[in-house]
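Engineer: So the chains spell out like this:
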Amino acid sequence: MARARTIDRAPARVGTGDAREHRVRLGELTDSEVVQASLDGDTRAFGELVGRYDQRLLNFVYRTIGDRERGQDLVQETFVRVYRHLHRFDQSKKFSTWIYTIASNLAKNELRNRSRNPLVLFQTLKKNWDADHRPLEWEDTQYKPDDLFRKRHLRQKVEEAVSQLPEHHRIVFVLREMEGKTYEEIADITGCNLGTVKSRLNRARNNFANIIAPMID
Amino acid sequence: MAVRGVWVRGTPLAGPQYQAPMNCSDFVARFTEYLDGSAARVELEVMDAHLDGCPSCRRYKAVVEHGASLLRSLPPPELREDFEPRLRHRIYHVEDLRKLSDHASSGTPALSVLGMALVLTAVAWSPALRGDAPVIELDPIVVDRAPTRAPARAGVRPASGYLRPASLTDLDRGLWDNTTILYEYSPLYQRYRRGKGGSQVALGSDR
Numbered sequence: 001m002a003r004a005r006t007i008d009r010a011p012a013r014v015g016t017g018d019a020r021e022h023r024v025r026l027g028e029l030t031d032s033e034v035v036q037a038s039l040d041g042d043t044r045a046f047g048e049l050v051g052r053y054d055q056r057l058l059n060f061v062y063r064t065i066g067d068r069e070r071g072q073d074l075v076q077e078t079f080v081r082v083y084r085h086l087h088r089f090d091q092s093k094k095f096s097t098w099i100y101t102i103a104s105n106l107a108k109n110e111l112r113n114r115s116r117n118p119l120v121l122f123q124t125l126k127k128n129w130d131a132d133h134r135p136l137e138w139e140d141t142q143y144k145p146d147d148l149f150r151k152r153h154l155r156q157k158v159e160e161a162v163s164q165l166p167e168h169h170r171i172v173f174v175l176r177e178m179e180g181k182t183y184e185e186i187a188d189i190t191g192c193n194l195g196t197v198k199s200r201l202n203r204a205r206n207n208f209a210n211i212i213a214p215m216i217d
Numbered sequence: 001m002a003v004r005g006v007w008v009r010g011t012p013l014a015g016p017q018y019q020a021p022m023n024c025s026d027f028v029a030r031f032t033e034y035l036d037g038s039a040a041r042v043e044l045e046v047m048d049a050h051l052d053g054c055p056s057c058r059r060y061k062a063v064v065e066h067g068a069s070l071l072r073s074l075p076p077p078e079l080r081e082d083f084e085p086r087l088r089h090r091i092y093h094v095e096d097l098r099k100l101s102d103h104a105s106s107g108t109p110a111l112s113v114l115g116m117a118l119v120l121t122a123v124a125w126s127p128a129l130r131g132d133a134p135v136i137e138l139d140p141i142v143v144d145r146a147p148t149r150a151p152a153r154a155g156v157r158p159a160s161g162y163l164r165p166a167s168l169t170d171l172d173r174g175l176w177d178n179t180t181i182l183y184e185y186s187p188l189y190q191r192y193r194r195g196k197g198g199s200q201v202a203l204g205s206d207r
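Chains as they are written, first to last, in our numbering: chain F, 1 to 217; chain U, 1 to 207.
Among the hints, a few may not be true.
Claimed, not checked - Below 30 angstroms or equal to it, Euclidean Cα-Cα: the simulated DSSO-like pairs (lysine-lysine) are: (1) F:Lys157 <-> F:Lys94; (2) F:Lys93 <-> F:Lys151; (3) F:Lys157 <-> F:Lys93; (4) F:Lys108 <-> F:Lys94; (5) U:Lys61 <-> F:Lys93; (6) F:Lys94 <-> F:Lys198; (7) F:Lys93 <-> F:Lys108; (8) U:Lys99 <-> F:Lys157; (9) U:Lys99 <-> F:Lys198; (10) F:Lys93 <-> U:Lys99; (11) F:Lys94 <-> F:Lys151; (12) F:Lys151 <-> U:Lys99.
Treat the hints as calculated values from the structure; they're not laboratory data.
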């Protein structure tokens, strides 16, 4: 019978000294070691994995499906699946590749379901509404408002350019450009061979450049 | 746009080799490997040479690099405040379900229910099996005479449903022997009496 594991990510300030030390020790371990600790019944180990990957996975899933709220749900589902099947994880492989594979499959399913259900389009519209109504942030006092506007406009266009890429190009592109994955890792995550990864990435970069070229001096 | 070729260092035996110039579509087709540095050294040198003499490919490279850097500078989406509590809740349920399934798959409940059923059956039947079933002794009922009943007569035979134990006393009193009472209260008597008074009419016309 599997040993009980729970998420324990209580802030350090409310923990005891031992708990804080334990958390620091977990932070120094590699992913594989943290996985092993979790399998051995360490209740804080899975929380450490969540802390390492929640933001990265959300960024990847959000850029892939273009919906922040749904992205959070999918990241949650990713962690639940990881928790449920952690004992099956082959520890000779990279944990990050495994968790990205799960998230990527969920994102692909989401896009497939969305293409069958046009109602979801509303959520994409809502996402853009949020971006338009976000208050202006004065990030750098040396910038003139025109520069800020231009910078924001460019970022928005870049985001749109990514969302306009075909699905299988987009996943490869985001994994390479935003997550910094190697070709081999991308091949493992997407289940394609290296040649396919290279050709998809090349086409994605080409499309991306064509979309944003008019906006870049 | 084709530009000049390039001389690259060859092997010690072959010496420097001249690589044919590359055109723009070749450059774009191999750009990803060039950008990520995964192309062979010879190929990288040829592409560098192409870039030196081709402003449109330089522009292409600049656009891709700038776009990628903009993409990396995008603020990451923030996690909702309830992300962690919700995840903890879901994990808790996963653990709960796992315990339940472990318990169910062990076969313990089915066996324990079967065992309890066998024990209860054995307890219930144990007096009969041992042959010492309890005997309840009641006082004997003493009857001093046989029950009386009027002899059945032809034409007067009440339906068996009416012959309740309470009506036996009426039989005993000879109620059913009085044929006049039986006749006067029967529907047949009512009809005859109406006919004697001269009021017999055709059906449906007496109103």
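Engineer: State for each hint whether it applies.
Structural biologist: These are the hints, each one checked on the structure:
About 34 angstroms separates the Cα atoms of F:Lys157 and F:Lys94, which puts this hinted pair outside 30 angstroms; it is violated. Under the criterion of a C-alpha separation no larger than 30 angstroms, the hint pairing F:Lys93 with F:Lys151 is inconsistent with the structure, at around 40 angstroms. The straight-line distance between the Cα atoms of F:Lys157 and F:Lys93 is roughly 37 angstroms, outside the 30 angstroms bound, and the hint therefore fails. Among the hinted pairs, F:Lys108 with F:Lys94 is consistent with the structure: their alpha-carbon atoms are about 21 angstroms apart, no more than 30 angstroms.
Distance hint between U:Lys61 and F:Lys93 is unfulfilled; the C-alpha atoms sit about 34 angstroms from each other, more than 30 angstroms. The straight-line distance between the Cα atoms of F:Lys94 and F:Lys198 is roughly 21 angstroms, inside the 30 angstroms bound, and the hint therefore holds. At most 30 angstroms may separate the alpha-carbon atoms for a hinted pair to count; F:Lys93 and F:Lys108 meet this at roughly 22 angstroms. Proposed proximity of U:Lys99 and F:Lys157 is contradicted: the alpha carbons are some 50 angstroms apart, above 30 angstroms.
For the proposed pair U:Lys99 and F:Lys198, the alpha carbon gap of about 45 angstroms is over 30 angstroms, so the pair is violated. Between F:Lys93 and U:Lys99 the alpha-carbon distance is near 28 angstroms, which keeps this suggested pair within the 30 angstroms criterion. Proximity of F:Lys94 to F:Lys151 is assessed by CA-CA distance (about 37 angstroms); at most 30 angstroms being required, the pair is judged violated. A threshold of 30 angstroms between alpha carbons decides the hint, and for F:Lys151 with U:Lys99 the separation of about 53 angstroms lies outside it, so the pair is violated.
Violation of the numbered hints given earlier is confined to hints 1, 2, 3, 5, 8, 9, 11, 12; the remaining hints are satisfied by the structure.
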